[in-house]
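Novice: Each protein sequence line maps, in turn, to chains A and E.
Note that the working numbering gives residue 61 to position 61 of the first sequence, counting from 1, and the numbers run on in steps of one.
Here the working numbering = 1-based position in the second sequence + 1000.
Please note: incorrect hints may appear among the correct ones.
[As the list claims (entries may be wrong)] Listed below are several chain A residues computed to face chain E (Cβ distance under 8 Å; list not exhaustive):
no.: 1; residue: 86
no.: 2; residue: 89
no.: 3; residue: 144
Since the hints were derived computationally from the structure, they do not count as laboratory data.
Being a predicted model, the structure only gives us computed values, none of them experimental.
Ideal placement from N, C-alpha and C gives every residue a C-beta, glycine not left out.
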Amino acid sequence: MVIEMEEFEPKIVGFLCNWCSYAGADLAGTSRIQYPPNVRIIKVMCSGSVDSVYIMRALLEGADGVFIGGCHPGDCHYLDGNYKARRRAVLLKSILETLGLEKERIWIRWVSASEGQKFADTMKEMTEEIKKLGPNPIAKHWNI
Amino acid sequence: MVQIRLQNIGTFSMGDIKMTDKVLKVKNGDTVASVNDLLKELLKSKKVQALLVMQEVPSKAMSFPVLISDPDKLNSNVFAPVLPVSTATIISKITKVESASKPIGVVMRSCQIRALVELVKLNQANIENIVIIGVDCLGTFPVNTYSDFPEKATPTEFILDSFKKKSDVVKYLRSACYTCKDPIPSNADIIIGLYGMDPQKELLIQINSKKGKKLLEGIQLEVSKDTNDREKAIKRIREEKAKNRMEFIKDKSNIKGIDALAKFFDKCVNCHNCMKVCPICYCRECLFESSVFDLEVNKYIGKAEKKGLFKMPSDSLLFHTTRMNHMVVSCVGCGLCEQACPSDIPLMEIIIPIGENVQKEFEYNPGSDIEKKVPMVIYKEDEYQEVGEK
Ligand code: SF4
Ligand code: SF4
Ligand code: FES
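Let the hints inform the model, and build the full structure from the sequences given.
Specialist: Have a look at this one:
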């Protein structure tokens, strides 16, 4: 008997800013550019509005990856939300690293409204990388 | 091993010291009473309208900050080795809406001044008309050790004595004090100095600002002759604490990975005391005290069905990791969080290495420079590019 192992399909939570990345994802969709269906998209007004509590909640609830998409540096609708988001990502990653948790599960990238292809490529790349990492070990903990 | 780097501490300009150092002669070897004479003088001469200073409660089991305006009622103990609450939080609470109309003197330890400086930078306190009287810190004991002190001497006598004789005071110190970032106050208007002095004979009174100068105008103090001993003593204690800190991180802080982390917080009862006592956690209502994370029953059932089971309340690690993200850049290492934990979770084992690494990342030393902006409100356009686009 052959038991077919189901391939691990990572669950990725994506926070996309309304003005750039979300529009970029939309463009990928309307242009029928193929990308892995692993990302669950949450629209936010700005990458700068994604507090670490949302990222941590996704990770602790067992998401295998968290993606934050914002406008390119200099293009944030609110001027500097993405620069602040980047600093916060550095902060969060530093904390995760000290605690021995996998900071590689968190991605922050810039995707503009016209970059449908880049959005699709980034999702492919991230899905591949998270597959290599394997399932988030936090998911099996019920005592946190 | 966690990498740490020694941070440069405070500002110390030798020129100023030579010009302004004074000494307070200690009468009859009674260090505490001599400082009280000075403080009474400040109240009597109306240099300050009131003082916020540690005073023993009648049972002597504890010392608490009191706000005092009557010099005759002053019987403070600025050296009481205990930190039941954050004096920085008190200043923040009472000055947030308006500043004091007349000067108030606040006697503080270095960690509390650092916390106050952070709160000022976060727009949570107003130190206009607050005169900071810093006291060299010899460390503090846990609340229960202080109240049921096992030695013959009182905690204050014991710590002042040990300072000269090098006794086994270390075994009583809170881990925060054992690993203190800097026991010498920076950003104080005046400093009551112990290091390099003989506290049975004289204390250093160092003037660090215009406010401090004004405070001591007309107060009889002698000019200090030699500050060499003090410089050496300060260097020694800073090195000792830095070494303790590094060893603490190496030996005690090895919580790595989700299994270890979950285990570390196994005893957490979600009381949020650690957040409530933290001087840096300044939000009037913490997100975690609100109902944001309360779901309705069917959602919980759905979650149980998905996971099989989960602990309730289920946001303990979410609370701790979020709290760290929100405050650890400004953590001053006072250890009040650890002291407040009813489950005796040694929180400093996690807070110290995380604070150390985060503060190193942003080249930020909380409480040292009141002009330097907190890292989370500033940025450079061309920094951390590898994080955004690898
Ligand atoms: S986290 Fe703990 S050590 Fe740091 S400032 Fe808050 S109470 Fe003090
Ligand atoms: S004080 Fe202790 S028990 Fe209470 S929330 Fe903090 S870690 Fe948990
Ligand atoms: S609006 Fe897109 S990152 Fe701020």
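Novice: All the hints need checking, so say for each whether the structure fits it.
Specialist: How the hints compare with the structure:
no.: 1; hint: 86; result: holds, 5 Å
no.: 2; hint: 89; result: holds, 6 Å
no.: 3; hint: 144; result: holds, 4 Å
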